[in-house]
Structures are given as structure tokens and as C-alpha cells.
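Visitor: So the sequences go chain by chain: A and B.
Everything in the first sequence is counted per this note's numbering, starting at 1 for the first residue and increasing by one.
Everything in the second sequence is counted per this note's numbering, starting at 1 for the first residue and increasing by one.
Be a bit skeptical, because a hint or two may be false.
Claimed, not checked - Quick list of the computed label-pair ranges, beta carbon to beta carbon: (1) B:K174 <-> A:Q180: 34 to 40 Å; (2) A:E338 <-> B:K174: 42 to 48 Å; (3) A:Q180 <-> B:A372: 43 to 49 Å; (4) B:L633 <-> A:R239: 55 to 61 Å; (5) A:N279 <-> B:T469: 54 to 60 Å; (6) B:H638 <-> A:Q180: 55 to 61 Å; (7) B:K362 <-> A:Q221: 34 to 40 Å; (8) A:R239 <-> B:R401: 17 to 23 Å; (9) A:Q232 <-> B:H503: 29 to 35 Å; (10) B:E520 <-> A:G447: 51 to 57 Å; (11) A:Q180 <-> B:K362: 39 to 45 Å; (12) B:S305 <-> A:G123: 37 to 43 Å; (13) A:Q232 <-> B:Y324: 18 to 24 Å.
Think of the hints as simulated: they come from the structure by calculation, not from any bench.
All residues carry an ideal CB built from backbone N, CA and C; glycine is no exception.
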Amino acid sequence: MNQNRLASRREFLVKTGVSTAAANFLFALPSLGWAASSGTPKKKRMVFVFSPNGVIPQHFWPEQVGKDFELKRILQPLADFKNRMLTLHGVCNRIKGDGDGHMRGIGCLLTGIELFPGDVQGGSDTPAGWAKGISVDQHIKNHFQADPLTQTRFGSLEFGVMVPERADTWTRMSYAGPNQPVAPIDNPYLMFDKLYGQTKNRELLSSVLDDLTSDFKKVEQLISVEDRRLLQDHLTMVRDLEKELKMEQAQTSKRSDTATSDVGHAVPTLPANVEEVNNNIPQITKMQMDMLVSSFAADFARVATFQITNSVGEPKMKWLNIEEGHHHLSHEPDTNEEAYEKLIKINTWYCEQVAYLTKRLAETPEPDGNGTLLDNTTIVWTNELGKGNSHTRDNIPFVLVGEGCGFSMGRAIDYKGVPHNRLLMSFSESMGIPVKSFGNANYCGDGVLADLHT
Amino acid sequence: MVCFKLRTLFRGTILSILILNGLLKAQDGEKPIEPYAKQLQSTGEAIYKKQCASCHGASGEGVSGNYPDPLVGDSTVGELTKIIHDTMPEGEPHLCTGEDARAVAAYIHEEFYSPEAQSRRNPRKPSIARLTGNQLRQSLADLYARHAGIAEPQDKRGVKGLYFDGDRFKNENKKIDRIDKGIDFDFGKESPVADIKPESFYIYWEGSLLVERTGRYEIVVRSTCSFKMDFGKIDRLLIDNHVQSGDKTEFRESLYLTAGRVYPFKIDFIQRKRKTELPPAKVSLSWVPPGGVEQVIPEKNLIPSSGPGTFSLQSFVPPDDRSYGFDRGVAINKQWDESTTAAAIEFSTIVAKELWPRWMKKHKDEPNENRAQLKAFLRDLLQTAFRGPLDSELATVYVDRQVDKAEDDAEAIRRVLLLGLKSPRFLYPLADADKSVSQRAANRLTLTLMDGLPSDEWLLKRVEKNQLTNESQLREAASRMVRDYRVQAKMRDFFYEWLNLTHQSEITKSKELYPEYNAELIADLRGSLNEFLNSIMNDDKGDYRQLFLADWTFTTKRLAEFYGESWKPADEPKDGLQRSVASPTRHGVMTHPFLMSGLAYHDTTSPIHRGVFLIRFMLGRTLRPPNDAFSPLSPDLHPELTTRERVALQTSPDNCQACHSKINALGFVMENYDAVGRYRDSEKKKPIDASGSYRSRDDKVVEFKKAAELAEFLAHSPDSHRAFVNRAFQHFVKQSPDAFGPNTLRMLIEKFDRSGFNVRELISEIAVVASKPLVDFPSRSSTNTSQVNPTN
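Isolated chain B, as found in the complex:
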């Protein structure tokens, strides 16, 4: 059994650190392995073969019936030495101790245990995958945008409002043209603005909804007067309340919206003069975002102009494989296949209704013999869907032949898109070896940065002129793209992944202890964190270190009331989110109550959840799952103990300590932040002990006295930099960095460091790495793949 105690863990020897340093350098290829280390390893190999291999397998692959799990992980040589010394071989730990244990540890770490050894043993290459669910959504939205156009990012926020005297759009009766912060008005029986008669007026609101998260939204309009609302495209009617009738004043529509997309809308709001009694005029535009509560749509999500129409897939798409910790399109099954059919059909309906008439209008003076226009339109559409030009053979199979089989235009469109959008040419974005270097680069850039396909005019122009053939061209294109809403959406998703919030379950807290901690407060907390992350993303210098070092955040009136002084706004209080005052107890996202309360029980903190989060997500280390399922000790059983004491007690058995010595040592550092993330100095009248420690990848032990020191460490530690870059790479590319060469991760970390930890530049660099068509697939019978770098 694994058994060593917390205090013994830190008796790390200088020797083991030296060995490890040597090993690391050897891997980096800068220095040969020192003779001593080599000798140690060969001693270790002999011992391993004699004493360990029968249970663990010759290369640590595991032996069924004995110890089936492979020996892989990221403990340091020092830690391994300790475990072997204390516990191995099982039942007879005295057979391998001291220098022998160290030799075995050095051997297995170098040979197969460490992540580096693993990636050396199993060299990876970028592998082909189908579109993930999100990539399917985004690709279809891009395909629509190829014809409809795409919204350019802009800074203005709010809704454009035109106020008219009288109940119609008559320019001479327009009294005011202004930007409203949102739509939430109670005019009563009064005039909405000067010079307008209260008994008969018309307000025209126009704007766009900027959606930051993908999911199901409810759009809620409350209106005591007649109104109509278009959404997703001007002229795409969502709510028709042309008739004001009785007390019907609430209108709700549920829609699946895609992140990073901009949805134009307009509202015609009319108070009609009538012989009967006039009802008071009241109107609001609200939403229920996914997992959130109903709120008036905030200013920050509104843009005061309406751009091109947007397509958002409504059909169900099954969740993707996440066994590697990021979405991968590798599951091929009936449910997925059916979802591609449903998506193709839904898309073909909107194409027939909106894009095809648009094309006809544009080409109405051109010849249309034998339905030439319909064929040209569909070829154009499939060329975008297939991410590259259609040769005549493909055009015949996918378009001409299908159109000829269907007399009705809408049916022809459906036929072509059913075939085209279920084709591997659309569904496998990297199966594009027949395309030009620039085309392939553009395909990868958009897939990496936006999960979509190339559809922006400027990018397609570069493809046409073959201007994406070297690194600097790629870099220039990538850095132009990172400002796009679509990339920002993917970055936001990445932050949520990194903070392990993507699949976070609902937070509930003890009503007795925290009566004001409710759904509205949680929604504000989420908004606060979101806005903080936005501020990093939107800043040209967006510095990773601020994620841990920022002593300010975004607050609301509700948050200031609940969390007290340190959450007061920096300026005059106003509605909505605003910047807070600085506080010495705030350390960026790490102490944000949205995270802290999620990583806690309903009435107490959970140092274990916090510790696991810090190790796995912030520091990128691996942990074995617990030996068994445990429920936490009830605080009632030990009313006198602090949380720290109770957790230490429960995890004190030796077989827990292998992991909990690491987990608790980090989790305890956050003990100043209670179950709802409020700062505290004491618990049960005892002062908080927030001391802890961490043993880094390079076998160094770092001690912390409080959260501030941990935050400082996370801002500057190579381990956390590596975790951040690695996760970013996986999120954006959906492959491991080592699939793009063994030095990819190290190179990206170095660039990250040199850029002053600029997050945007990192994402852009990742896209550049992923977009160089490193692997060239031979088109004929050859089975070898060779590495071709078009930049050389």
C-alpha cells in the first residue's frame, strides 16, 4: 500500500532534484544525460526487471490479475522514490529502499512513467476527426454568412430607438432618434418623450443581440401594447402581437443560439389611439440565458444597429467524446448520423427561404436556362461547405445531377444539401489534401480559431491569391481574426474550460446561513466573472498574470450588498456591472466567489475540491482517482473542529495521503474564503490557518502562508504556464500539442513568456502552429506520411 505522511513528503533530497534537472535537460536535447544519471537508470532497470515487472509489466503497461493499471503519471522522481521506498514491492517494502528505490524511480520516470516518456514512446500526429457538435453549428452559421454577410465587431452598445408621434413610421413625425441602454420602459399613460401624444405613438427599436454562450435561450417580451418582433434577420418574424388583446402581455419564445454570433432584431411598438379606454404603455425585452435567470437584456449584449441575418441551428446535436478532456469528433454512431440529417434539412429550409431568393434577386438579369442560376447558387454554397473549389466531376455529382432530379426548387435545394452536408467533404474538415496550401491554411485557421469554415471575404481573397503560405502570412491573418466575436466566444469557452466551469452543476447554499445567496446573486457572480474575463480578452495586452493578480473585479449593487466593502464600485453606483474597488484579499479569478462557492459545500468550504481544482486545472498535474468513494465527514460529528482540521482528520489514513498530501496542501490555502467565497479571518472562533505548499514538476517545494502567495506563484510558475498553454492548445486545436512535434508546447510557452503573457497572442500562435499543413497526405497508394513544411 501507498503510505507516507504529509510531513515526510517534503523531506525531498537535493540529489533527486539534481537528477531530475539532468533528465529534463537531456530531454531538451541541450546536454547529454550525465554519466551518474545513466548509471542510476541502468541500476534501476535491473532492479525493476527483477522485482517489479512481474506485477507492473516489462514497460509499466500493467499485468491483469496483479496490477492492471499502467504506470503513468506526473509525480516527480523524488515523489516516486518516496513511494517506492515506503511501499514497494507490495507487502515487502524492505526489499527496495534508499538508493535502490531512487534508481528504480529514475529508471521508470525516464523510460515510460513521465508524460515526456509517454509522448516519446507513442509519438502522435494530428489525427482526422469529424466536426464536433459545436463545429457543425459554427460551420453552418458561417455557410449562411457566406451569402448573408457577417457582423463586424464594434464598440457601441445599446438599442437604436426611433420615437414617432402617431402610430406609424412617418419621418416627419419622428421626434427622437436615440440609443437606449436596453428596453425596459413604463410610460404609463404619459408621453414617452416630448412632443408625442400619449394616446398614439410608435417606437421603432432596432439592434443586435450579441450572444456569448451557446445554448437554449428564452426571449421574453412583456408589452401592454401592440408589437411585432423580428429576430435573427430583419423580416424573420419571431413574435407577432399585432393585436393588443385583453390582458395578454407576456410573450416568450425559446431559441437555441450560437456563441460569438450577432442576431439582428427589431421591435415595432405601437400605442394605438382608440375609442375605448387606453391601457398604460409598458414594454420590456428580457431573456433567460442558458442556466440563468430572467433579466432585462443588458446593455453589454446589445449593439445599436442591425447587421446581416444569422443562422443558428435548432436541431439537437449529441454531445461529443470528452475522454481526452476536450471535445473530439470521433464518435460515429446512429444518433450522430441522424443529427447530421436533421441539420442538413433544417439548413436547407432556411436556404430555400432566405438565401436562394436573395441570389435570384441579385442575378435576375443573368441567363437561367436549364435552371443555371439554381445550379450556380448551389455550387457556390457547396464550394464554401467543402472548403475549396468544386471540380466539374464533383459539381455534376453533388449539384447538377440532384437538381435535375427535383422539379421543385426547394426540393432540389434540400436534395443537394442533404447529400452535401452529409458528405465527408463537409464533415471532415481536415480531409483536404487536394486543396491548395493557402486554402488548407485558411481551413485550419478558421477551424482552430472559430470552429467554423472560411467564409469571410478578405480571407477567401487571400486564399485565391495564395497568400497564406508562410508563417508571417498566417500570423497576420490569425491576429486579424482574434478580434472577431466568434474567436472571442471560443476564447471565453476556453476560459470556462480552464476554470472547469463548462459542466458546472447548479450552485445551492444553505438558506439558513446564506439567505441572500440566490439565483439572482449567482447570475450576477457569473456576470462578474464573465466581464472580468472579457476585459482580459478585449485588452490588446491581455495579460495572463492578471487572472491571478488583479485586485479588482466587476460588481453589481446586489454583489456589493452581499459581499461588503471590498465589492463597492470604484465609481458612482449604477445599474448593471461596473468595476469594483481594489482589495488586498482579491486575487483575480482564483478567489472569485463564483469559483469559490462552486468549489464548496452548501454550508462549508471544501478544501479537497479546491485543492483538486488547483492541482489539475491551474497547475496541470494529474491525480489518481480516490481508492474508494467517500462521503465527507459531517461537521456535526466534530463540532469543535475547523474545516481544515476535519479534512485533515478524514484524509489522515496512509492510503489517502499519497494524493491528499498534495490536494490538501493547496486547498487549505484558500480557507480564508468561505462557502460563498466571502473573505473571513476565523472559523469557529479559531484564526484561519491558510498555510500550504506545492511540489513542482522540477521537484521543488514551495511554501505558502496565504492565498496572495499562491496567486503570485500561479501567475509566475512554469507549471501553471504550461497548464494554461496546454489546455488552450487542446481547446482550440482539439489535439495534443505533441501531435505537432515534441517541442511544440515548450516553444509556445517560451513565446508566451516573451510576449508578456499576452493571451491573444498565444491563441494566435496556437492557430499558426495548427495551420501549417505539417502532415501531407499522399493522394495515391503510398502508405507513408511525410512531413512537409510549406514555409521552408
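Just chain A, with the same shape it has in the complex:
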């Protein structure tokens, strides 16, 4: 196991490579892992992964409860982490009011509160607008950002994969407050710019300065002798900048020599020119997940959402030989065996993505050397519906992996029908923020969910 970890760690470093200038920038951040003293409490992180259109319950939920349970087909990709996961059956999104099932499915999923009246009409029910309250990820982020011990550069990061360029109730899961949807960033290059833009630009700058300074001499010939002073001052300044950037790089490599065991935050290298098109969904998902892992390693944020397409998402998984869109298929009756099988495959593919993220977190060491990122991160994989063709919001898929919340893992639990607000309260409490209610208080009466810690 240990051997394995080292191998993958080396691989990780070689593959990604710490950019020297970049690392320097990162190292200078106050929130950086090893800069924190040993007395600080251990980090807690959460990632909410969303996939759309419900699941096929018979091939999703374990039949047993407790520690001895068997993973069904869809959850098989997580087999390696079976003892680090929780499946929570019987948790229901009970929020009523305006909006169709898909809208309330995603809009109330992390907010636990109704949608405002509005003009977006779904396939059924009344039209609606945005959610009336903050989502749990943003709520945790706000508390983390208010405390210097848990503050990070971004607080939270909202990743997306092929989210339509349409701001509506079906495409937004995260809310900074009532009527304040947070748009996920689904272009990996834009996310890269947000995370590493400054660092990357400094690197780029440093690498063009040689060409720049050598051209100054030629330009000097184009102006009068009296005027050259200005250009010479300019050149001196550029040379100073060059020195400064070189010194930064030297210091960075020195630091990374003495702290080799701590290099956890490499700048990922993205493949070039990947367009945002349906067929690139697998590649974009991987790029985004790699950046999520890197940004956790760099302690850029401790909360993230990861939204694959959207509620009513219509990805066509041609890489699985499935030509139809996911949402379209999800409406087929269970008796359509072909569709049924395709939906199992589609959901298994989503699970593979969760498994990839889990694996990456499990093999990436904490910057302080104590364990890996997964030891302090909980992934919550969820969905706007329990089942696609019924549009039920009962038994919403909630699969948790990792130990960020400190729950007792390696179990299947059946809550037999509790409002999901109580689970949102449990998430908040596990992150050190006990609350009396979350979202609509009418669904919070019985408090946090029992059994998560035992």
C-alpha cells in the first residue's frame, strides 16, 4: 500500500510537475498547508458532485443495510473504496411550491427551500424563478471564510461539465443567497485561468523577456540619441523584472528541495485546444477533476461543487455507444429493456467519474504529510431525482465517500423517508457549523440525522 502510494505520488509529480514560478506564488499564500502551525485543527472539505435525471434504483441501492452490503452494478466502480463510503437511502426532497420536478430537484437540492414565483415554465406544474435561499456549500464556505483558520484563497470552487450556456433554474445548483444563483465554470481553461492565471502569466512573461530585451537594442537605433535615455530606463526596468522573476524561481526550487515531501500542489497541465462539445465530456470531466484535486492540494478552497451537465441534462454518451440523450432516455418506461440497460450504463459512467475523483484524492498526500486528501474530504454524489421516469424526489441518490465529515463509513443506511433538509443540517454540523435548521425550517424539526457517526 505504502509502496503503491509512493509510486503514484512520484507519477503524480512527474506528470504534473511543479512550475517553479507558480509554486512560489502559491507558497506565498498565507493559507498554505505547511505554513499553518501544527496546532491548527485538521482540515475538513466537501465536494458535491451532481449527475442528472435520477438513477435506476434496482441497480443502484444496496439491498442490505449496515456494514455488510453488496454494491450493485452502478456503484461497482467504487468497489475499492467500499469501506470508505456511505449510501443513504430514504432521504427525500420534500420541498413543494412553484417549479417542475427537475427545477425543484436541482434548485432545492442543496438549498432545502422553495423557489420564488417566476416565469420559467417546466414540463408540468407552475412556473418558477430562483431558489429562495443559500445552498449548503455556500453556507459552509461563508463560515470557513469568516474564520482565519479555515479561510482560503477562493473559499469555494464551482466546477461544471458541459453546462448549457443558459442561466435558468435547471442549470444552477449552488446559491450564494436568495435569488443569487452561482454559475459553475464549465470551461477548463477558464477554470485554469481563475486558479493559476496569474502564475501562468508570470511564467509566460518570464519566458518572453529574453526576446523582448534583445529587440530593445534594435529599436534604439530608430530614435535619436537624446531620446534613448527613456528607452534605456525602460530596458533597465525590464532587466530588473527578469532578475526578479529568476530570483523567484531560484527561491522556489530551493524551497521545494527542502520540502520535497510536501509538494502537493502542482499546477496541472491541460491538454491543448479541447473544445466544449458533447464528445469531449470524458476529457473535460477529467481535466476539471484534476484541477479540483490540485486546488484542494494547494488549499485554494475547501468546498466545491462539481456539476456534470444540468438537471434535465442531455449528454449523448457516444463513447458508450449510446446515441440518445440522457434525459430523453430517462423518460422511457422500465419495460423498455434497451433504454433501461443504457440508463444503467450511463449511471455507471457517472460513478466511474466519482471513483476517479475518489482515487485522485486518495493518492494525493495532504500538504502537511499527514495522510491523503481523501482522509479529510467527503464527496457527496447526488442527483435531482430519485428515478427518471417517475420524477420522484423520494430516495434522492446520496452516496458519500471519504472522511471529511467524520462520519462512520463503510455502511449502507436506510432512513426510510426523512426530509433531505436534515441531511443538509448534518453536513453543516459535521463541518463545525451546527444549525437549528437549514432551508425551510418546517422540514428540520427532528434535527440532524442519527446514525451518521456511529
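Dock chain B against chain A, hints included.
Guide: Chain B only, in chain A's frame:
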């Protein structure tokens, strides 16, 4: 100490005027200096060396420990004579009086004191500078426009509105196609126009925003319904309110916009039919201009069509050196360097997102081996940025080599632009000695007139055909350019510079005395002045004299209410700005309340501020700073005195009078205009005394009884013409006129006079002067610069 009193100032002798006339003529090279003047100067020289040089230095350069300030200024020989007679040498003024004092004055004026002497002693040449902040903004906007295109000026105003029945763009459901004056509608639960069902409709608004001032703007949309707004380019989304939700009805976006640029926009406004209760439909498009108040975007800033996309730099750019009274790109420091990096990165992002895909689409059928298209695109971009063709060596260094180092297209673009836009080839617009004569002329024309770089197709065609090689070609190109929005923006900036309004601080007035004088009124005043200046600029005959002689202005309902009869509209009252009636107490910009209230305290006028403004800005004379910092006497201490009496009292000490005799004599003329610029006949029940005077550069004293006479004087005085032309030159060229030859200013003033004081022609002439590549920089080791005029 300098000490002479107001009344003695005007005892100027005929002799000194004669001497001065002689001197002026001598400078003009028309007549040799008369023997008497020459003799006087040599007497003066002897006295100066004996009695003055030990404190003031052999050439008036100053002596540290004694009198360190150099003896330079623009007092006349008569004025100098008076000062010397009364005060010099210090402590022993009796040692140099009368004819001796006059001799010294004549000597120093001719030798080193006067501006003419200074420019003779230190001949200037146009000097190289980096792009100023504004030039950087405009150049990048032009660089973007080279590929996206540029909006042609047009007269139509308003927003195009297409009204549809049903909630989508369906041609057969289009009920009305019209021009709206602006967007500010409250349809309630009614139908917006006939034949449209109130419960389901769609309005498509399209237009462009014409921005007159550079700065931070807030775009504010208030809408009770779903809408989306693109801004800066159709398809560049600014506000996405696709979902109408709850009572979220206000949407604000802050943007840095560049003057003289046109920003296309569209708004899709949708009332969607729904099962639940329909909210009333209400929508408005407003803005908060820099330093202004929120208002519905006025018709005059809206054009009812959407042209090409526009780039406006959002990154911070540090302010430029203004030690010469105009922006100069001479400060080289880290903050500036960082701003060029940020600008390059911001620009590369929009290039990768908008211009590169556009190029690919256009060249999709052409070979693209080894990323040939990307390289061709970037070469084309840098050729514009560098203001001239790229030779193969430059193309290799700046483009090919960089593209080969970056696999990702966006990264390659960023690399090339980081190198290219931080290169001296972009940042130093006049370092172009390796370019053709026409190219260099085009570079100077655009830099002078627009602060940008050549990017318009017609201009580049002329460069290609080498058709900018003589004065008449330059003049033709310049006069074509002066109609452009970009030049108008720079002209507007110039008027603000000339009126010293560029860095004006916030105006506040006593709430007790002027309760209705508020931010909205100030915004209207600014609008009124702005529109008046626009009317001069937009007029083919745009006559400088109207700036002082116009007896009308632009007014609004609010202004008419506050300022009374003389601010009533000339026609039927309407919303927004309109022409006012004529008034005998209005004299162009000089009495405009925006200026008058800025040059006043919160409860009283300030003849000192007004006087200083008139001397320095309108008449172009220099003043020494006050000997000390003084706070004005409180009116409460002398409740019985008028403002004029109080100011006269405070500035009565001899050491104040050297300057205040000049300042007050002009400032008092404006006393009929109170602290908010309202006309008055009396103050504290005493009639206003608006008499004053001015001693001109040619040592003549002019007396004024009231503002009308001063306005007449400013319209026709050589001093004010000179001040206007000089400041215009500095603003447009960012160099002194004498850097382009000792007679440049005089020649421009004469042309200005001959053109009937046509402002546009003046600007065009200035551009012609600045665009003749007078100074040719040798490309090799030679250290001499020679004057080459390509027109000869």
C-alpha cells in the same frame, strides 16, 4: 519685497509699450532691433551684472541660498520695470529706479525672462515618449477594430425596437418596428403596442451606446420581466436575467468605457405567459456616468443600430505625468510596467475569444499546415500594433517562434501579445524611423487626432499607396478624420482641459442658500455645457468666438426652474436637453453656471478663483504661486462688506498685490454671477461693481465695465487666441509647439484667424504640423539629427 498697488500698476508708460513692440518685431524677424532698444539693453546688462546677478545668477537661473527660483515668466517689460523700480535690489530699491529699472527689465526680458527668450535659449525638438494611459486604451481599441471594424459616424439617435406578439422573435408576429428615444417603459398589465397580447410579448431592442467620456460607468437595467442584455458586441453577454424570479428587478454592471467609442448592445425583453399571476411589465435602461448620477440613458447617447464590436480596456492604468500641464508618457516605473502586462493579457483573452475564431471562419478554406493560419493572424495583428509592416526577422521572433512554443492556441496568442504589446515597437509610437513616409504620417495623424493607431481601411490604403507624403494629402486625411467620434472625444477632452474641468472636484453648495442645487442639477449643468461644446464641434464652421459670444445655451426643465426666465427653452418644453432662449447676460462658456459655480465657494463667489482661471486658462498667462497658504477671510467677520470689498481687503498687502492686482481685476468682472452662477445685480443691497481690467502681453491696459466687455475681449484678443491654440496643440500633440519650430504657434494662430476661428480646421492644422516627419532619426551611428521635410 514686491510691492506695488493696484492703481499704480496702470501707470504704464508709453515708452515701455514702444520698447516692447520693438522687441516683438525683432523676434518675428521682420525688423532689426531699433538702436535705442539695443542701447537700453546693453545698459541693462551692465546694471544687471553689477546689482542683480549675485542673487539671480548670470542668466537669471537663480542662486541657491539667495534667490533660487529662475527668473522666467510672462510679465511685460512695463510690469517688470515697475517691480524693479519699486523693490529691487532687495532692501535697497533706491539703487535701481526709473530709466535704470527700465533698462534692466528690457535686458532680462529679451535675454532670458520671456517665454520667447526661453524657447530661444533652449530650443526644443519633438521628443520620444511612451504611450500615455489614454493612448494605450485607444490604441488597443483600434487594434481590436482593425479586425472587427469601426462604427461610422451617423446622425440618427435612439434605439431600434421590434415588438412581437408572443414571447419569441417570429417575423410574422412582429407588430411594430420603430425607433424609441430610450428605454424607459411601464406597460403595467397593458399591451405595449396595439395587436399584442399583454400576457405574452417580446421586445427586441438593438442599438449602440456612444460614450463621450472615458471612465467607469455603471449600466443599470430595471426589469420586472425576463431579459438578456449583450453589450460591447452582439453575443457578448453582459446581463443574463433569463429567469424572472421573485422581486429581483434591478441589475447593475460596472464597466470601464473609452471615449469616442461606440458600444453595440441588444436587449431581449420577454413577458412570458404563465399559469400564475402575471407581474406588471416595466423596464428601463440607465447608466451612472463617471462622477455623475443615475439617469435613463439619454437619446443623444444612443444610436439606433448596432455596429461592430468594441474593446475597452478594463485593467488599471496609472495616471500620467502632468508636470507640463498635459499628459506625457515619460514615467517609466514598475506600476506602469505591470499595467502593460495586465493590458496585454486582457487583450489577448478577447483576441482568443472573439478575433481568432472570426479569422478562422474567414480563412477556413485556406491551408493551415504547421498552424499557418494562427501565425498569419498574429502577424497581421502585430503589423497593426507595430504601425507598419513586419519584416521576416521580426515575424520570426515575435510570432513564429512564440507560436511554436505553445501548443494551445489561446496560450500562443497570449505569448505573442505579451511579447508584442510590451515591446517598444508598440509602446513607443514615434520610434518608427524604419517605416515609410506615409506610414509615419499616418501614425502621427492617428496619434495626434485620436490617441490611437492607424487601423481604418481607407487610411491604410493611403499608406500602402504612399499617398501621405505632402501637406495637402495630410490635410485632406486630417479633415476627413476630424468628423470621427474618436476625434470628437479628444476635442471634448481638450475643451475640458482648456476650461480646467478635467480634474474638477465635486461641487457642493450651501443647502440653506441653494436647497435645489443638488447632484441632479449639477448633472444637468454638465450636460448643458457638454451639449454646447458639442454644438461647436459638430458645426462645420464651429467658431471659437461663439464660446464667448453665444447668448444661448442648452437647458432642461430643471435648469429653467432653477435659473429662471433666461433659461427657458426656445421651443416647446420637452424632456432632456434643448436650446434655450437668448439672454443679454449670457456669454458662452464664460458665464456658464457649471464653470461659475465650480469657481466659487459653497455660499459666496470667489473672484480669486475666477481671476486665476481667466488669466491662466483663458489668457494663457503665468502666475507665481502665492507666497503662503491663506484661507479666505470669513464673510462673517465683515458682514457689511461685499465679496469684492472683502477680497480687496484681504489681498491689499503689498506682497499680495504683485499677482492679485492682475487676478482680482479679472475676477471682479464676473461678480454679477453668484456662487451658483445665477445672474445678480446686487449683493448685500449694494449694486454689483463688475469693473476690472487686464494688461495684455503687448503691455496695453484694457478696461472692462462688465462681463459682456470681457467676453468680447476674450473672443478677439490675441492673448486668448494664443492660449487656445497653444493648449490645443499641447493637448493633441503632447509636445510644445516650439518643438516643431519657433514659428509654429504664430503660424497656427494666423491660420486660425484666417479660417474665421474654425476650431475643427485648427485641430486639423495641428495634426498636419505634427504629422510632417520633421525630424529624421538616422538609423546608424550618426549622432546628429537633421531636419528633413518630406514635402520639399
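Visitor: So, against the hints stated earlier in the document, which numbers end up violated here?
Guide: none
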